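Peer 1: Position chain S against the provided structure of chain C, taking the given hints into account.
Chains C and S supply the protein sequences, listed in that same order.
The working numbering runs 183 ahead of the 1-based position in the first sequence.
The working numbering runs 396 ahead of the 1-based position in the second sequence.
Hints in this document: simulated from the structure, not taken from any laboratory.
Don't take every hint at face value.
What the hints assert, rightly or not - Just a few of them, taken from the derived set where beta-carbon distance is under 8 Å, the chain C residues facing chain S: (1) G372; (2) F388; (3) Y429; (4) V452; (5) I456.
Said to hold, decoys possible - Some, not all, of what chain C presents toward chain S, calculated at C-beta under 10 Å: (6) V216; (7) D259; (8) L260; (9) L428.
A quick note: this is a predicted structure, and the numbers were derived from the prediction, not measured.
C-beta: ideal position from N, C-alpha, C; glycine also.
In case you want the letters, here they are:
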Amino acid sequence: MKYAYLISGLLLLAACEFEIQPELAEPEELMVVDAFLNDRADRQVINITRSQPYFDDSEPEMISGLNVTLYDLTVDLEYPFTEGDRYYYLDTNDPVGVVGHNYRLVVESPSETFEAHATMNRVPSIDSIGYEFNEANFLVDQDHFTAQFYAVDPKGVGDCYWIKGWKNGVYFNKPEELNMAYDASVSPGQPIDGQLFVFPVRAGFINPYGDDSDPESTEMVPPYEVGDSLYVEIHSIDRAAFDFLYALYFQINRAGGFGEIFSSPLSNVSTNIKSTNPGSKTNVAGFFNMSAISSAGRRLTAKVADQAQIKYYNQ
Amino acid sequence: MGLVCLIHSNLLLAQEQHTVSGYLKDASNGEALIGATIRIQGQSLGTISNVYGFYSITLPKDKYVFDFRYVGYDPQLKAVELSQNMRIDLELSPAEQQLQAVVISGKAEDDHVSNIEMSTEELDIKSIQKMPAFAGEVDIIKSIQLLPGVTTVGEGASGFNVRGGGVGQNLVLLDEAPVYQSSHMLGFFSVFNPDAVKDVKLYKGGVPAKYGGRLSSILDIRMKEGNSKEYDISGGIGTVFSRLAVEGPIKKDKASFIVAARRSYADVIAKTFTDALDDGSSLYFYDLTAKTNYNINENNRIYLSGYWGRDVLEFAENQGFDWGNRTASFRWNHLYSEKLFSNLTMFYSNYDYGFKFGDKDDLFEIGSEVSTVNIKPEFSWFVNTNNEVTFGGEAILYLFEPGTMVDVSAGERTTAGLEDRRALESAVYVSNDQKLTPSLSVQYGLRLSYFNYLGGTVVVYGDTLPGSPKPVVDEYKYRKWASIADYLNLAPRFSFNYKLSQTASIKGSYNRMNQYIHLISNTVATTPIDVWQPSTNNIKPQAADQVAIGYFQNLANNQYELSAETYYKWMYNQVDYIDGADVFVNKYLESQLLSGKGRAYGVELYGKKNKGKLTGWLSYTLGWTERKVDGINYGGDQLNRKGSWYPTRFDQRHNIKMAAFYELNDRITFSANFAYISGTPTTFPTDRITVGGYVIPYINNNERNNYRIPDYHRLDVGMTLNNVWRGKKGRSGEDNIAISVYNAYARQNPFSIYFSQERGRPSMDNPVATNATQLSIIGTFIPAISYNFKF
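One chain only, chain C, in its complex shape:
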């Protein structure tokens, strides 16, 4: 389904759109736990906020006064998080995340206790980042460079990844740049395992054709020019987190224009945060996940660009 988005984003058919301000029903203002932790020896951050009315674009309000604790169930370790001004955090010199370990996150409020479970899975290393030369085409009306990363999914079904990228240090944080992989392919329903990630995963979400300086412009710009750099991280995620992100992708990607015919109905994304009281009617949103990370980066130097051009013309 993500292919429909990749393609329909290119359907520049005339459609007409304008912003409206409809009256919305009463917001629930529920607790949102954003706990994507990793195996790095950096500060680990958990955002716990309250949801806002949909059109309220202020900073979400942090819920303070909670006890937040991470448990490594495999080796029976406990990591209490500290309440900061904007988030809960843990400063550690040794990574808290270890591949293969099971974790439990506990969030205690004065009235109720919430918990979530996650497993930290393996992650493949990134072999390299490559740049290709392209002649002017339907997308970009000048010669240009595109990038892809090369990594091989290890054999064995069920590996899930969240792939993040940065161009010149700027994170690819647009909804349409959210890139996940299930084994070597994009979803569990399309089983391709134990090989180089398929092309849409390698290149589909790290080539920004849009002009960031002018979000309204439909003009396509070269994704990479000489001097630009690309840095890629692969985060292992567990299956529940994959399903969460996969559903989230369709909720936050509203292609607009003609691509809107491919949108799914609006619905709530899943959560793995649950009250420890099985009869509780308190709704909570958000997700807890433990990631192992691999990374690689490369700059498109004049030399790299020349090599890519030579390769292109020699084929």
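Peer 2: Below, chain S without anything else, positioned relative to chain C:
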């Protein structure tokens, strides 16, 4: 048994009986006349010709005057002294064009009141051609959307909705072969070339036993046979397509053919202005429709027809998608006797789509396909004047290829795919049309259908909280053709017509429908990438019961037709989707599906003017259509997630449709369409939650379709100017220029309202703004001009 007794008793009562039978054709081109009437003067007896133009009537030995009629044609009277079985094949000539006799239906003048059929709409191609069309392109699916009870969720949506049914609950038949995807260019145009179409009939209810396999409607499209008298070339140049059709006799009055083709030419024109399309990109669609028939002898006739169509949207050499239908059907009409007509149809139908994403060295392709082979014998037994028995059967073999994938990385190619799925659907049916008294006729029938989901991998899913993906608990193999799951269903059908007078009748119907294959579509509108899936051990067949009752009245010597119908439809095992379902090429698709029930009910009021300078119709539909599915719209009940009723996307409360034609003189016709449809339901969020820097909409209480987008209304106007060049100064043939304006008052009709974070790259320092956007697929009026010719 009751059926046999009735027929038997009728036979016993009868004196010496003889049968008059034959084919009725158009004298100008040899096309079969569908639904022509055969009346016996001075008596209330009569019959109508079937879709192949065949009729048969059995009467006591006597002298009669037969009156053969087809509206718009000169009637013929035949005095007959009936002392033995007789064959009368007749050709009726089209009436000289008279201003006062412009007709918008070819049927008997009082057909509306006298025919047993209700909840049925017919459009002949002549009136479809007169309607102002989108971009000036005459379109069958767009035209039927102007009929009562038929809706669409908007421009750009493929297909149509009938009485609260989904797009995938319509069986679209082209010369008996099902067409899986009826749209070109993502729903803007339908795949049927109007130059090759003769007759269009839509069953919304009271569906005869010979049809089955879908819940909501049957759209039966009949292609022309091809002129068997002389060669005709017709065509047109429009804003989007150009069309050309050639038809003519292979052997006069014995065999004929028609070949009709269309192609869009935006890309052809664009290529002369820009070189952007030179690097392998292609944006076009085409279709080719062909048919031939051979009249072997008095009792045997064969037909061969085919359709090939494709849409290609490729933005670069290896980037884009394409889709298309292919059908081929062979039919054999055979008369076993003057009372027993048969038709045997065999067809192949295929639909496939593919995505390509890549560049010169790297490529990922993904595609899906469904193919069907079918054999369908049907028999009409014209038992006597009061009984016409239809019986037959059908066997459909389905082959689903849910997903094939090709990955090319630096020239190295790997392929993967989902396993094929096979299924066999078979059915037998019998039905009788019976005149119980001169004023009461009934049609009753039974359809028995049997479905087998055949071998391969069986996936067993476990129970879970409704609305969550179902866990796989077991996976094992069956032999290739072994039956994994089977379903047997009996579908009764019943209709009656009680004539209150010569000009008024009451009709009622009940039908049960079963549907074994499902269109999986979880998007705002149905799209070409929606896939068909068989019923399996995990997906149960859908079923529906519909009752309808209506009052039918003709006024002023059949000049006006009025009707009021009300219907109620109960739908079972409706396929729905978990929140965030992944239904695109998914091995575990069934883990994403939910099952629920549906209901649709409403009233349709319809008035039509058949004669005079001004003709047309006006209809109003008041309708409801709702679903109840556990796991959707469950409010605060997180523990059980019992669903509450919610309106479907195509729940459109008020629906007003108007079509009008005004014939100023024999050169100029004006036409206008108007549609007013209540806004479609949609889901609005209440909260925004922030995770990983993404702003995600959240709906308090898990409501579904809790708001409506603004109402849709649109006026189209058109003018047809006849005999622009041809038909003048002794030139033979005819031609016209059609000028139309779609959406004449340029309303920005909403297609959807969507909620998203602000476009552009979010800054890491500031919170992201959230917007609601109203989208109109067509935001202005669209003028068009086309030139059409025939010679």
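Peer 1: Does each hint hold? Answer for all of them.
Peer 2: Verification of the supplied hints:
1. G372: holds, 3 Å
2. F388: With a closest approach of 12 Å, the F388(C) hint is violated.
3. Y429: With a closest approach of 6 Å, the Y429(C) hint holds.
4. V452: Because about 6 Å separates V452(C) from the closest Cβ in chain S, which is inside the 8 Å limit, the hint holds.
5. I456: Interface hint status for I456(C): violated (11 Å vs cutoff 8 Å).
6. V216: Since the shortest Cβ distance to chain S is 8 Å, the answer is holds.
7. D259: violated, 29 Å
8. L260: Given a least distance of 25 Å, the restraint on L260(C) is violated.
9. L428: holds, 8 Å
Checked against the numbered hints listed earlier, the structure breaks hints 2, 5, 7, 8; every other hint is satisfied.
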